[in-house]
Amino acid sequence: MSNAAPLSIEDVLLRCGELVGAADFYLLRDPAGRAAELLAMGEAVMVSWLVAKGEEPTQDKTEGFRLLALHRQGARGNPSFNACRETCREIVYHHNLILHDPQAPETAQTVRLGAMVVRHLALFIGGKLEEAGLGEFCCSSRPVRQADTLNPANETA
Amino acid sequence: MVDMVRSLLRNLPIGLLTKMGLATLVAPKTSDWSKSREAIMEYVEEREAANRKALGLGQGREARTNHDRTKKYQEVAYYPGCALEGGGHAYNRSTKALGKKLGLNLKEVENWNCCGAMEVKNIDPKLQTYLSSRVMSIAANKMGLDTVMAPCNGCYHNLKKAEYDLANDPNRRGGQFAFSGKSGHATYQAGQVETIHALDWDRETIGRGPGHERPRQEFAEGVKIANYYGCMYTRPRHIFPEKDQGPGSESTSKPHFMDDLLAAAGADNVEYPLKTACCGGAHALSDSDTSTRLVLNMLQAAEASGAEVIATECPTCHSGPGNAPDAREKTLGRKTNVKIIYFTQLLGMAMGLSPKAVGVQENFSDAMPLIKEKKLA
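Taken in order, these protein sequences are the chains called E and U.
Each residue of the first sequence is one higher than the last, beginning at 1358 in the numbering used here.
Each residue of the second sequence is one higher than the last, beginning at 21 in the numbering used here.
The following block holds chain E by itself, in its conformation from the complex:
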């Protein structure tokens, strides 16, 4: 989970779309893997935010989950960030729900709902990144955007 591939927010959104639209048999093939994936995507979103803010994302865990520690780090000195506190906790909840009984008949639905929760987190953080001028779904675009705003040719009347 903690070794999540460096997904961008756009990657996360695409993957969530796939999971939401996937058939039950696909979602039930590896419930534990899907649970880990939900968590990893949540972490990736938080890492994007922290990196864009110039912070070193923590490797610590809060209540047993790095995602919650990353959220806590992001919220430090930034109260409005708490608007996604329960979204992070819902991701953890869905992860736990899947692992609790992977063979439960509603597991596919739980994965799907979990993906929607991750998507919400990605949209929320993506929106905040844009509003903060820190990137367009990924922090690597920050220099591009800064260059845009500094170039008089790009100014509009």
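Derived from the structure by calculation, the hints contain no laboratory data.
Every residue gets a Cβ at the ideal spot worked out from N, C-alpha and C, and that includes glycine.
Example chain E residues on the side facing chain U (calculated, C-beta under 10 Å, incomplete):
1) LEU1370
2) ILE1448
3) ARG1476
Computed footprint of chain E on chain U, listed as stretches where at least three residues anywhere in the stretch have a Cβ under 8 Å from a Cβ of chain E:
4) 289-299
5) 313-326
Given the coordinates of chain E, assemble chain U onto it according to the supplied hints.
Frame of chain E, contents of chain U only:
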């Protein structure tokens, strides 16, 4: 045989039978019971408090103040805020209609102003504190009321935040003192009023008000509802000291007051994982694409949870999902059938008010077909 019948008739307890007959026809009624009820409730609360103390459970807000609050909320200063005079008018109408039905007295704050919303708060928090405090000052010092009820999450949040800041930050107090002095009105002192949400108000007064009106339990039977609280009703936690106080109090992580109220009307509340997530309201102007996508995700999640209705308690949270039918269809390639209805509208109808009386016709999403189909009115 004749002797036996004569003996039976002679020994019949005529007086007793007459009393029994009268009692059957005229049900005994205790007169002037209200004071006794209050005394008993007070005693029960005292005992509960003593038991909690003995068990080391702390005081427990429910036990401590339930009865007092019910009485206190009979008459409150009503602060509708700007949104309820505009796009959220249905919420305004239904809140007032519900209050009237419950026999409660809503006194609109005289000459109220904007709470500072997001715009002022983001630019100058000190000014936002003053704007919110002015509303509370009028309620306390001009109208003589000790409770302000704000149905809008933004107003509720801002008043609570101003209250917290004035109680804890001398700079804010100083700024507020200067503003109110120049404005020529009494300076608000932290603690003069209690700010509550429409959910607190309804939860405390339904079934306990003057008329003891309750929702019909069978009203929303079979209607699957996702209760959506939005992100400002419970955050940040520190400005809501009354929440997370154990049984009976609201939870900041899993709010349930709306669930409780609608369950009392028979609703089948679904597990909705985005009940406190951001609705995109603050993004609506600056980044409408993201805002729309957040709203669409909420709608999809509600549908996936099995909901037919999203019940809301905030005009911004209501207008986002309700206002996006075209975007929904365009982006999703299909219609979404979830209807967006204020909880006050649902409760009002559960208490016998007509859809028109609670302003269903003013909603963004057309809920009438569902209301008819489910026989909600």
